[in-house]
Every structure is written in C-alpha cells, then in structure tokens.
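Participant: Single-letter residue listing:
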Amino acid sequence: MNKVIEKTAKMIFLICAITGVLAVVSITVYMFIKGTPALKNVGIAELLFGNVWKPTANPPAYGIAYIILSSIIGTFMAVLIGIPVGLLTAVFLSELAGKKIATIVGGAVELLAAIPSVIYGLIGMMVLNPFLYKLELLVFKNKPEHQFTGGANLLAAIIVLAIMILPTVISISTSSLKLVPGNIKNASFALGATKIQTIFKVIIPAAKSGILTGVVLGIGRALGEAMAINMVAGGSVNVPLPFNSVRFLTTQLVSEMSYSSGVHRQVLFTVGLVLFIFIMIINFILLKMRRRDVMTNA
Amino acid sequence: MRNKKRIIAAVLVASTFAFGLTGCGSSKTETADNNATQTEDDANTETTDEADADTGSDLTGSISLAGSTSMEKLCEAMSESFMNKYEGITVTAEYTGSGAGLESLAAGSIDIGNASRGLKDEEKAQGEVENVVAIDGIAVIADKDNKVVDITSDDLGKIYKGEITNWSDLGGEDQSIVVLGREAGSGTRDAFEELLEIKDQCNYAQELDSTGAVLAKVATTPGAIGYVSLDVVDDTVSEVKLNGVEPSEEKIKAGEYMLSRPFVMATKGEISEQNDLVKTWFDYIKSDEGKEVIKNVGLIIPD
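As they're listed, the protein sequences go chains V and C.
Going by my numbering, the first residue of the first sequence is number 314, and it counts up by one from there.
Going by my numbering, the first residue of the second sequence is number 479, and it counts up by one from there.
The shape of chain V in the complex, shown without the other chains (with noise of 0.2 Å):
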C-alpha cells in the first residue's frame, strides 16, 4: 500500500515538473514555426534591416528595423536610469536607513511590484503626456518641421519603464547588499574608511554579482513590457529619438494583431520570435550568471 503511495506522489511530482518544460518547449516550437516563414517571404534583410514598415500599402513594405532599435534603445534608457536610482535605493535600505524609515520605503517599493502595467500606462497617459507635450512645445517652439507627437514618445516610454524596473533592481540588489559579511564592513570601519567610502569601495563590490543579477531581470522586464508602453508611447513607427512618438517589439504585436491577414501576419509573428530571442539571450546570460555565482561561492 505505502509503495503504491509514494508511487503516484511521485507520478503526481514528475507530472507536474513535466509541464513546465512542455510548455516551454511547445511555445518554443511554435514561435519559430510560425516565425520563420515570414524570413523566407520577405526577405532577412529586408525584414530585419529594412526601415520602412507599410504593411498595407502596395507593393508592401515590411521592414522592422527602427522596432527592434526602438525597443532596444527604450529598454537601454530604461535601465540607464532605474539602476543607479534602484541601486542607491537599496544602498539606502540596507546600509544607511533607521529600522522604521527602512520599514516604510521597503513597503513602498513592494507595492510599486504589485501595480499593474496597465495602471502605470494610465497614470503616464493622463499625466505624463500632457506634460512632455508642454515640454516638446518649448523644445520645438520654431521647428515647424518636427512633427508634434501630443507628449506620446520615446521619453515618455522610458520614464515608465524606469520606474516599472525599480522593484525588481531594489528588491534583489537589498538582498544582495545584506548578505555582505559584517567582518569585511568592519575591516574596512577599522581600517579608517568613512561609511560612504565603505560602501563604495568594499559593499558594492562584494555584493556586486547579485547586482548584476537584478539589472538583468530589470532589462527583461523592460523588454517584454507591452500595456504601459502602448498607452504611452503613441505607436508610429518611427527612429526612436526622444520626442517621436515611436513602436516597441511588444507594442507592435498588441497593436496590429487583431486585424492583420497574410504575410502582414506571419511578420508580426517574426517580430514576436526577435522578441523571443531577446529574451531568451537575456535569460541565458542570467543563467551564467548564477552559475558564475554559485562556483566563486563555494
């Protein structure tokens, strides 16, 4: 009777292990399924590297170029600004903060995760965008030839995105910083270093896989963002420079899906596997990183 017990508990367990493979597995199969024949039909190069994208227009046009720059550029501005402000968040928390005010900004940070995307494209719709629109008027006041975007652009995408990756890189760099040893902070104190020249020159360092570890969640979290982005960004496909209203990987698959046919179809499909492998690198590069981690650990 036992047997037949820790028989099915086991079943039970590899049954459940198995579906997260499958899944990944299925989805993998099917992203460059439906993915690749669109390379075939248009053309790599013209696909890829091509910047005009009109997908109904005759002849068609299907280049992505100024998608996947935009993505990467939004996503690299991003994560140029949240780290340094999520880093010293956690310095903060973890090093400098008395226990009550470390209490209140800790529970502050942990409510900033749990805000849906939608409501930070919301807040950045109604409020953000009006703003960067006085803002572009002041900028382009006698530049007729700029095209005025009403505040959805770039900038407005990379403000929110900053701020939807802070969690991540304050939750897990905290983490990180308080697992430093208290013996090589004392060192350092007994050595005659200053509190801030400790934590710049010995904390920071010690915990600096496990900051590395947060920045790149924060860059997948960047990247694969598509409500708050499509609420803020105004999606024209355009070079992504500050004040264009521009189109992100994630935001063209929302945005077009919904009435596309043909060929126009199996491109947005492509776009989906780019982002797919985007991601991907990102996460195999996270998981050397832990590897790393784990040996110079042990």
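Keep in mind that the hints were calculated from the coordinates and are not lab data.
All C-beta atoms in this analysis are idealised placements derived from N, C-alpha and C, irrespective of residue type, glycine included.
Take the hints with a grain of salt, since some may be wrong.
[Stated by the list, open to error] A few chain C positions that, by computed beta-carbon distances, are all more than 10 Å from chain V:
#1 Ser542
#2 Thr568
#3 Arg595
#4 Asp632
#5 Gly665
#6 Ala702
[As the list claims (entries may be wrong)] In silico BS3-like pairs for lysine-lysine, Cα to Cα no more than 30 Å straight-line:
#7 Lys677/C x Lys353/V
#8 Lys367/V x Lys598/C
#9 Lys636/C x Lys447/V
#10 Lys456/V x Lys677/C
#11 Lys636/C x Lys456/V
#12 Lys456/V x Lys639/C
#13 Lys347/V x Lys551/C
#14 Lys347/V x Lys323/V
#15 Lys563/C x Lys367/V
#16 Lys598/C x Lys454/V
#17 Lys454/V x Lys622/C
#18 Lys491/V x Lys412/V
#19 Lys677/C x Lys367/V
#20 Lys625/C x Lys447/V
#21 Lys731/C x Lys677/C
#22 Lys454/V x Lys625/C
#23 Lys719/C x Lys447/V
#24 Lys731/C x Lys746/C
#25 Lys622/C x Lys447/V
#26 Lys456/V x Lys625/C
#27 Lys563/C x Lys551/C
#28 Lys412/V x Lys514/V
#29 Lys719/C x Lys551/C
#30 Lys639/C x Lys447/V
Go by the hints and put chain C onto chain V.
Facilitator: Quick look at chain C alone, frame taken from chain V:
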C-alpha cells in the same frame, strides 16, 4: 542517482513528444475546434428552430462570397448569425479585395461579390447589380477647445500627409496639429485613407489600436485631430464639418458627406433572378435580425 537519471530521461522523452505534437498538430487542432463550434452552432439552430418553426430551414446548400477586405467584419458577423438560423446553408467568404471579388462574380465562380465602393460602369455593363447592404461613415474629430469647425477634404488630406502642421493655417489658433489615427490593417483607417485618396501616404503622430483610444486621446490632447466610426462620437470631442457638411446619417444617406462609402453585395442579375439560397440571404440582411447585425458592427442601414 539512478532515479535522477530516470526523471531526466522522462523529461527528455516528454519534450521530444511535445516537439512532435506541436510540429504537425496545429492544423489538426484547428479542425477539432471547428468541429466543436459547428456542433455548438447546430445546437443553437435547433433551439431557434423550435422557437420559430416557420423559418425555411429545409434549404440546403452553400453561398459563396468574395471581395472587399473592409467588409470582413460585416460578412463574418452576418454569416455567423445567418448560419445560426439556417442550419442547412453554409456561407463561405473570402476577402480578396473589391475588384477581385467583382471579377470572380463576372466569371461566375461565386454567388456574391463584395465591394466597399459603388460599381463602375463597366462592371454594371457585365450585368452586375449593385445591392447596397450597409453604409460605412467616418467622423473627423478634434478636441473641444478647437476653433476650427469646418475643413475642406483637400486640407484634411494635407493634414494627414504632414503638409499642414498648424491650426493657424486653417484659421484656428497658433497651435500645432497632433495627427492621430488607427493602426495598419484597421478598416476605419483603410476607408479614411482610401476616400481621401491618401492611401499609405499618411504621417501619423500616434497610431492607436482602438476607436476608444482615438476618442480618449483626441479629447485630452490640445490640437489633436482624429477619425472614428460615426456611431461612437460623443460629446467629449467636437465633430468637424467636412466641406461644410456635418457628419450625420441623413447627410450620408443623401450622399452629401464625403467620408462615407457603400458596402455593396453585388449579384449577377437582379436579386429576384437569383437562386433561393441567395434570395434567403438578402431577405435575412433586410430583416430586423440582419439590421441588428449591421448596427452592431457600427454601420448605417441604407433606406
């Protein structure tokens, strides 16, 4: 250790299995889905049949339509509700473009040719009859504070091509124009660009993926201009007259408002000369149920 190996092996086997399944399974699952919906439809039809026993559901056969891509939404909705009522009749529709649809009709390979424009004289000369089943109307909207209330269609085209960028050029305030529109593939965008003859020359500041989003953005962005289906315009935005004509059902039916187009289901010869299946189809479109479908997809019912 041996157990571990076994589990790994099992996972590997399972994943290769999954590989095989997805590899050749996509079309299979689709057929299965179709069957499922079919039986569901059948079930629905039975209940409607019981409700009104006098529907002519003894008709069997199929009706084939082809033509305008813009009419896809209307055709899908209409044929779905039609096939719910007449279980013996299958409606197939292809979306090849207005011209191609009318050519197939002339060649006699289909029953009905869909066109999102009026028929040309040479098409009528081939015996094709223009049956207008619905009218598509588009309203141009601006934000509430905009002083410009009337635009010529020429200027509207120039705004969307990026040749006019300031409202002061049109007699309004010195305010830059924020050009809003729909995403590629949208039927509204298709109609708008086609009617103004600016197809794929437009330079949008924002491409939004729903009618609601266009309404909301126009309402909240000073200097914005946008276009939406006629039936959704509300008082958060101001409607712009085109060539002095306000967008309204009456003006569209009178043929005075230019941002509208007929949805034609052309037949070879008059409807009365068609077979019973096609007659039933047109009777259904003109019935209250058919009108309901037309209204639901945001179109105007012709007189």
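Participant: Run every hint past the structure and note whether it holds.
Facilitator: Hint check:
no. : hint                : result
1   : Ser542              : 19 Å, holds
2   : Thr568              : 21 Å, holds
3   : Arg595              : 16 Å, holds
4   : Asp632              : 20 Å, holds
5   : Gly665              : 7 Å, violated
6   : Ala702              : 6 Å, violated
7   : Lys677/C x Lys353/V : 27 Å, holds
8   : Lys367/V x Lys598/C : 28 Å, holds
9   : Lys636/C x Lys447/V : 25 Å, holds
10  : Lys456/V x Lys677/C : 27 Å, holds
11  : Lys636/C x Lys456/V : 18 Å, holds
12  : Lys456/V x Lys639/C : 18 Å, holds
13  : Lys347/V x Lys551/C : 25 Å, holds
14  : Lys347/V x Lys323/V : 36 Å, violated
15  : Lys563/C x Lys367/V : 40 Å, violated
16  : Lys598/C x Lys454/V : 48 Å, violated
17  : Lys454/V x Lys622/C : 23 Å, holds
18  : Lys491/V x Lys412/V : 14 Å, holds
19  : Lys677/C x Lys367/V : 10 Å, holds
20  : Lys625/C x Lys447/V : 20 Å, holds
21  : Lys731/C x Lys677/C : 24 Å, holds
22  : Lys454/V x Lys625/C : 21 Å, holds
23  : Lys719/C x Lys447/V : 28 Å, holds
24  : Lys731/C x Lys746/C : 25 Å, holds
25  : Lys622/C x Lys447/V : 18 Å, holds
26  : Lys456/V x Lys625/C : 23 Å, holds
27  : Lys563/C x Lys551/C : 19 Å, holds
28  : Lys412/V x Lys514/V : 24 Å, holds
29  : Lys719/C x Lys551/C : 27 Å, holds
30  : Lys639/C x Lys447/V : 24 Å, holds
In terms of the numbered hints stated before, the structure departs from hints 5, 6, 14, 15 and 16, listed from lowest to highest.
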